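2 protein chains.
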Amino acid sequence: MMQSKTISDIVIGRMPLYLRALQRMLNEQRQIASSQELGKRLGISAAQIRKDLSQFGEFGKQGTGYHIDYLVNKIQEILQVDRVWDVALVGAGDMGHALASYQGFNHRGFQIKLIFDNDPEKLGSYIGDYKVMDIADMNEEIHKAGIKIAMLAVPAAGAQEVANRLIKAGIKAVLNYAPVNLKVPVGVYVQYIDPAIHLQRMTYYLKSENDL
Amino acid sequence: MMQSKTISDIVIGRMPLYLRALQRMLNEQRQIASSQELGKRLGISAAQIRKDLSQFGEFGKQGTGYHIDYLVNKIQEILQVDRVWDVALVGAGDMGHALASYQGFNHRGFQIKLIFDNDPEKLGSYIGDYKVMDIADMNEEIHKAGIKIAMLAVPAAGAQEVANRLIKAGIKAVLNYAPVNLKVPVGVYVQYIDPAIHLQRMTYYLKSENDL
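Line by line, the protein sequences give chains C and E. Residues -2 to 209 in this note's numbering are what the first sequence spells out, letter by letter. Residues -2 to 209 in this note's numbering are what the second sequence spells out, letter by letter.
What the hints contain is simulated information worked out from the structure, not anything from laboratory work. Please note that a few of the clues may not be correct.
When chains are identical, the list treats them as one kind, so a pair holds in a single copy or across two.
Below are the DSS-like pairs computed for lysine-lysine, each with C-alpha atoms no more than 25 Å apart in a straight line [unchecked claim]: (1) Lys119 to Lys141; (2) Lys71 to Lys128; (3) Lys37 to Lys119; (4) Lys128 to Lys141; (5) Lys37 to Lys2; (6) Lys128 to Lys180; (7) Lys165 to Lys58; (8) Lys165 to Lys48; (9) Lys71 to Lys141; (10) Lys2 to Lys128; (11) Lys48 to Lys180; (12) Lys37 to Lys48; (13) Lys71 to Lys180; (14) Lys119 to Lys2; (15) Lys180 to Lys37; (16) Lys141 to Lys37; (17) Lys58 to Lys180; (18) Lys180 to Lys119; (19) Lys37 to Lys169.
Quick caveat, the model's predicted, so the values are computed rather than measured.
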């Protein structure tokens, strides 16, 4: 598909937040949402939301709000999560187990399909329905399955090396749980799960109470 | 402390990102950073970064860039992570174990101090240095320790009830790993760790390749 214009990464970064809020509204049996209400839920201005969405097309009429199910479908198409992506998980430790049993991927476009580890004691064991496979077979298995997305839940010290191997195996998007910055080539995307970022965002607001 | 003006939550949300990027630069033995370079690392415009930082004071001189260690200290003060906050963890399952052994909180303002679960088989067991305590004692223990921050790593179905009990115990900030929206009173802050959001942000960019 040829893209007629480049949309800023900041805007792309807000689309999943809109989608999650809209899906929550759907779960609340809601049908119509205004940009004002969406903005209030997300702490983003209504004008910003309208501007962001308008970059992808006309999704609502002035004054009538957005049809939630229509907008959910459209954003799912935009983000390409109107399909289910298979995901490879590397690391069968505590975090890997937690991810493999996590219910939050359902209906959001992702399912874990392959799990790898390098610990001989873990190989062959099952996490849910999936057998933990040898990281030595990662290249072959990921290629064979045509998987493009990986979650990295290994210790910080080994994360870069595993990322390099994932990229060789054809992975284009890495969700990194290791608290380390990854170097990746152009065309490969990395996102970080970093709980300290979220905690720091809240401690700002705790300040005034402590000073009382 | 009386605040002379209200700073938007969007700006506050970017401050931890600036801090992380600057701390990484420090680790790379860097001393000076320009807003351009910081912006490039973060995908945020240099003008936006200067505008955000200027809301808290004058941290750099026109044309000379920011002294990284000075700016790190200042942002740590602003976000109140120039201290170490004790954190209560609820849920001693896979995610709880992963969080308890996570190295990414070091030097970022947080340490887990109390761990709770309701599973009789887990009570009294140790995760690292900390004994898993009965969730029935949560109110008393959190009050006694004066803890204001909690991480919630329990199944979705029980998350709201546990959150209610945490708030009664004096918790003001909840980092929620359960894939469920929490209702909390004014003055209590919630952040969500949601891997699907990060994955969806990347699949947008994978689109064009699949369509080739």
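Index of numbered hints that the structure contradicts, given in increasing order
2, 3, 6, 7, 8, 9, 10, 11, 13, 14, 16, 17, 18
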